[in-house]
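As a plain string of letters, each chain reads:
2 protein chains.
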Amino acid sequence: MAAPSLVLDASTGAPLHAQLAEALRGAILAGRLAPGTRLSSTRALAEQLDVSRNTVLNAFARLLAEGYLVGHTGSGTYVARELPERLLAVRHAPAAPTPARHVDPRALSKRGAAVASVPPLAAPAEGMAPGRMAFRMGVPALDAFPSELWGRLLHNRWQRSWRDLLSHIPAAGHLPLRRAVADYLATARGVRCVPEQVLIVNGTQQALSLTAQVLLDVGDAAWVEDPGYSPAHGALIAAGATRVPVPVDAEGLDVEAGLRLAPHARLAIVTPAHQFPLGVVMSERRRRALLAWAAREEAWVLEDDYDSEFRYVGRPPPALQGLTAEARVLYTGTFSKVLSPALRLGYLVVPESLVDAFSTARVFVDRHSASLEQAVLTDFITQGHFSRHVRRMRVLYAARQEALVEAARRELRGLVDVSPLHTGMHLVGWLPEGVDDRAASAKAAQAGLQAFALSAFQLQGRPRGALLLGYACVPEEELAEGVSRLARALR
Amino acid sequence: MAAPSLVLDASTGAPLHAQLAEALRGAILAGRLAPGTRLSSTRALAEQLDVSRNTVLNAFARLLAEGYLVGHTGSGTYVARELPERLLAVRHAPAAPTPARHVDPRALSKRGAAVASVPPLAAPAEGMAPGRMAFRMGVPALDAFPSELWGRLLHNRWQRSWRDLLSHIPAAGHLPLRRAVADYLATARGVRCVPEQVLIVNGTQQALSLTAQVLLDVGDAAWVEDPGYSPAHGALIAAGATRVPVPVDAEGLDVEAGLRLAPHARLAIVTPAHQFPLGVVMSERRRRALLAWAAREEAWVLEDDYDSEFRYVGRPPPALQGLTAEARVLYTGTFSKVLSPALRLGYLVVPESLVDAFSTARVFVDRHSASLEQAVLTDFITQGHFSRHVRRMRVLYAARQEALVEAARRELRGLVDVSPLHTGMHLVGWLPEGVDDRAASAKAAQAGLQAFALSAFQLQGRPRGALLLGYACVPEEELAEGVSRLARALR
Chain L
115 MAAPSLVLDA
125 STGAPLHAQL
135 AEALRGAILA
145 GRLAPGTRLS
155 STRALAEQLD
165 VSRNTVLNAF
175 ARLLAEGYLV
185 GHTGSGTYVA
195 RELPERLLAV
205 RHAPAAPTPA
215 RHVDPRALSK
225 RGAAVASVPP
235 LAAPAEGMAP
245 GRMAFRMGVP
255 ALDAFPSELW
265 GRLLHNRWQR
275 SWRDLLSHIP
285 AAGHLPLRRA
295 VADYLATARG
305 VRCVPEQVLI
315 VNGTQQALSL
325 TAQVLLDVGD
335 AAWVEDPGYS
345 PAHGALIAAG
355 ATRVPVPVDA
365 EGLDVEAGLR
375 LAPHARLAIV
385 TPAHQFPLGV
395 VMSERRRRAL
405 LAWAAREEAW
415 VLEDDYDSEF
425 RYVGRPPPAL
435 QGLTAEARVL
445 YTGTFSKVLS
455 PALRLGYLVV
465 PESLVDAFST
475 ARVFVDRHSA
485 SLEQAVLTDF
495 ITQGHFSRHV
505 RRMRVLYAAR
515 QEALVEAARR
525 ELRGLVDVSP
535 LHTGMHLVGW
545 LPEGVDDRAA
555 SAKAAQAGLQ
565 AFALSAFQLQ
575 GRPRGALLLG
585 YACVPEEELA
595 EGVSRLARAL
605 R
Chain U
115 MAAPSLVLDA
125 STGAPLHAQL
135 AEALRGAILA
145 GRLAPGTRLS
155 STRALAEQLD
165 VSRNTVLNAF
175 ARLLAEGYLV
185 GHTGSGTYVA
195 RELPERLLAV
205 RHAPAAPTPA
215 RHVDPRALSK
225 RGAAVASVPP
235 LAAPAEGMAP
245 GRMAFRMGVP
255 ALDAFPSELW
265 GRLLHNRWQR
275 SWRDLLSHIP
285 AAGHLPLRRA
295 VADYLATARG
305 VRCVPEQVLI
315 VNGTQQALSL
325 TAQVLLDVGD
335 AAWVEDPGYS
345 PAHGALIAAG
355 ATRVPVPVDA
365 EGLDVEAGLR
375 LAPHARLAIV
385 TPAHQFPLGV
395 VMSERRRRAL
405 LAWAAREEAW
415 VLEDDYDSEF
425 RYVGRPPPAL
435 QGLTAEARVL
445 YTGTFSKVLS
455 PALRLGYLVV
465 PESLVDAFST
475 ARVFVDRHSA
485 SLEQAVLTDF
495 ITQGHFSRHV
505 RRMRVLYAAR
515 QEALVEAARR
525 ELRGLVDVSP
535 LHTGMHLVGW
545 LPEGVDDRAA
555 SAKAAQAGLQ
565 AFALSAFQLQ
575 GRPRGALLLG
585 YACVPEEELA
595 EGVSRLARAL
605 R
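Chains as they are written, first to last, in our numbering: chain L, 115 to 605; chain U, 115 to 605.
Some hints could be false.
For chains that are exact copies, the list does not tell them apart, and a pair is met inside one copy or across any two.
[As the list claims (entries may be wrong)] Once the Cα atoms are required to be at most 25 Å apart in a straight line, the calculated SDA-like pairs of lysine to any residue come out as:
| hint | residue 1 | residue 2 |
| --- | --- | --- |
| 1 | Lys224 | Ala376 |
| 2 | Lys224 | Leu405 |
| 3 | Lys224 | Leu373 |
| 4 | Lys557 | Ala364 |
| 5 | Lys557 | Ala148 |
| 6 | Lys557 | Ser261 |
| 7 | Lys224 | Ala285 |
| 8 | Lys224 | Ile351 |
| 9 | Lys224 | Ser155 |
| 10 | Lys224 | Glu466 |
| 11 | Lys224 | Asp470 |
| 12 | Lys224 | Thr356 |
| 13 | Lys557 | Arg266 |
| 14 | Lys224 | Arg523 |
Since the hints were made in silico from the structure, they are not lab data.
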């Protein structure tokens, strides 16, 4: 072996065996140690470099494991004839990326083009600082996230069960998490289900997307609340379904109107406990009418209970799903609003007769949700942290809502009429009759505030204008400051 | 305040303030401290319990934060009038779950019913010990996963950037990961792309599902390889597309046959670098013919490069995607086969003109992939661990393949003909003419071995029978033992 010039330096902090391995790898890649060259014995090399024989053995072991050296017992160690770099890289470095030729939009499928043309939710202040900002909606108080605790659970869970966390799990999710969710929903929301009915999904968007895929065909009609969470409707459009906007009044979705507009719709998507965005609770009468319609038409109801955790006054109205023994209601909720949207975890509770169909469909969508998050969340719930976190957030959000209401009463009189709500993470700020809410939202954006126009969530008609004011992720002083800025912007 | 009988015990290990908080919470929930009761001052309670005043302050702070107590500055601390339990639970515990009424399968949509009826991949040994098992396919050597290193990256990344990891990220994925993937694909696979063309997805199944959604309408034809990875085809069925099985021969997909069967298909799904399951490389002639067809018909090619990392002999054939400046090829790969299927991370490289359509469609499917896994994987790649891991696995899998081939030559002569392949994670073991591979697979299953029948992946015709023998996740001695058992089972 022509000894390559190897300089090892004990002072760099890198272990000597790692330095030696890198130096040998460099010599091999540079051709100073040619393919097929027999290396000196580990003993000889150790003497030559004045390091321990273990150092050399460790360096050789690594290069053998990575395929730079090959060893023949009893006959020494050689530089590999085919180096990993050759096996792991194509012959020619590719040319610089060629600008793709323009693709005719007609190249997309019809529904692909329809989905692609769904306008993103007009986010006036998109691109501004992430996290908290008056009056951002739908984001929890990430400033109050128990990050140390979560980090500890993450660490412990990985240490304890990384092997289990590396294999595929059932499409329906990690069973202990499904059990924990079933228990929680029974107590907190009056949902009737066994754990097998709970499917863990990547948030409510996937719940809607799966539901549309499994239950709707192209051209099928689906009732949606108007105003409602229209930004999610891309899932219906992707399924080729027809949205039927059904008006919402003080009793929630107007079932009678739905019956007039599309009596034979296959699906109704509703937020009965706390209508988005108006915050009204669906009346008992309407609930009964909706369930009767679904039973009669053999249609489905997707109940989105999106931020039911945050109740400030009185007992929560129970979920629609638990009101009936008829298995026509699918129930969905998310951990995005309680913990973090980046977890990508939610749940979809389906009638027992649909469990297999949904599980199979999920396999072909993306197999299952990430295992580690599911396991850590299970620990978080079963060790009692989830309940404590919800209680803490409830107190925090109640205080933030109060701060918003008080500041608005003080500073927005005549400009925006903000009333408290019993639940949720945002308030509706009504504008005086005739004031255009999109113009108001644009003015707010210019002042660095995110305040969605109610009409951005309205599909038909022209409701009284309002701004939607999120408060959950905004500290009290920032809310007060935001209200002052909003007053100046609108005046 | 009627002092509840509180017994604090310094020897339990639980901090005194936590014990005090729990004791007070218990007294409140049991009604011993009634709603509205004014508590003793922290000073008085500290004296009474013989603990420090800080202990009492900490306990009070926790109960205030969770809503059990309410504090009025200057006027003391009171038991809340509405307890969290009341606000967080519905009135009636739900009745025991009622068995759902049977739902007529016709209640599903047509495509829902079609997807639900896709048989799961006949897994003969399903339910057996997870992880390694002769001759499990498509699972990497989880026994060689760098779990300590990954745990450290996980911990460091969480510590350093938990705030960023809690917010939504772009649908297309974490940009540093998209950059790292683009660099890797350019070098290793000759893929031509800028990072913006790389979409991070939850594995190749989601890549296929998204592609079908954005590019296919109901009734559109898609060429699929036959035999091929038919277990993934549920995504085509869910999209209402028609699968056109196109035969595979020693040159890969028979493009001429595809032209005869469905010249106007909109999509072809291929594995050109290493055909699944036969392992053949698509010839230059066929590659050109396929690209010419796509250009002429304005059709799309989805190139699934599913285990291209593991090349044992010679340079890898470059990706189809990089061969052409025509933007008709979508390229997908996964980290499931290199690292772990539980990460749920893969990539889809699309032509620049499709980036927006795919990103928007992804929002409505499930928004984005889990943030933490994306960030940790980025660190794993950019710190050089990914390259090292691939090199190590290549050497390990080459040795495992060799062990399988040697054992098969020794013990399966006349029963199963196993030849080495230059790439991949499984081998094809041909059975003698006339031997039914499903029967052979069933015999193997009875002997505790997972060996899929080739015909399970064949949509049309009756090819020569073969068993697919995975080796990547099986240690050498288990492979040898598995071969002995297989010989006994088939004899």
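Hint by hint, here is what the structure shows:
no.: 1; hint: Lys224 with Ala376; result: both (24 Å within a copy, 20 Å between copies)
no.: 2; hint: Lys224 with Leu405; result: between (33 Å within a copy, 23 Å between copies)
no.: 3; hint: Lys224 with Leu373; result: between (29 Å within a copy, 24 Å between copies)
no.: 4; hint: Lys557 with Ala364; result: neither (29 Å within a copy, 66 Å between copies)
no.: 5; hint: Lys557 with Ala148; result: neither (69 Å within a copy, 49 Å between copies)
no.: 6; hint: Lys557 with Ser261; result: neither (36 Å within a copy, 52 Å between copies)
no.: 7; hint: Lys224 with Ala285; result: between (29 Å within a copy, 22 Å between copies)
no.: 8; hint: Lys224 with Ile351; result: both (10 Å within a copy, 17 Å between copies)
no.: 9; hint: Lys224 with Ser155; result: neither (68 Å within a copy, 70 Å between copies)
no.: 10; hint: Lys224 with Glu466; result: between (34 Å within a copy, 19 Å between copies)
no.: 11; hint: Lys224 with Asp470; result: between (30 Å within a copy, 16 Å between copies)
no.: 12; hint: Lys224 with Thr356; result: both (14 Å within a copy, 16 Å between copies)
no.: 13; hint: Lys557 with Arg266; result: neither (44 Å within a copy, 47 Å between copies)
no.: 14; hint: Lys224 with Arg523; result: neither (49 Å within a copy, 54 Å between copies)
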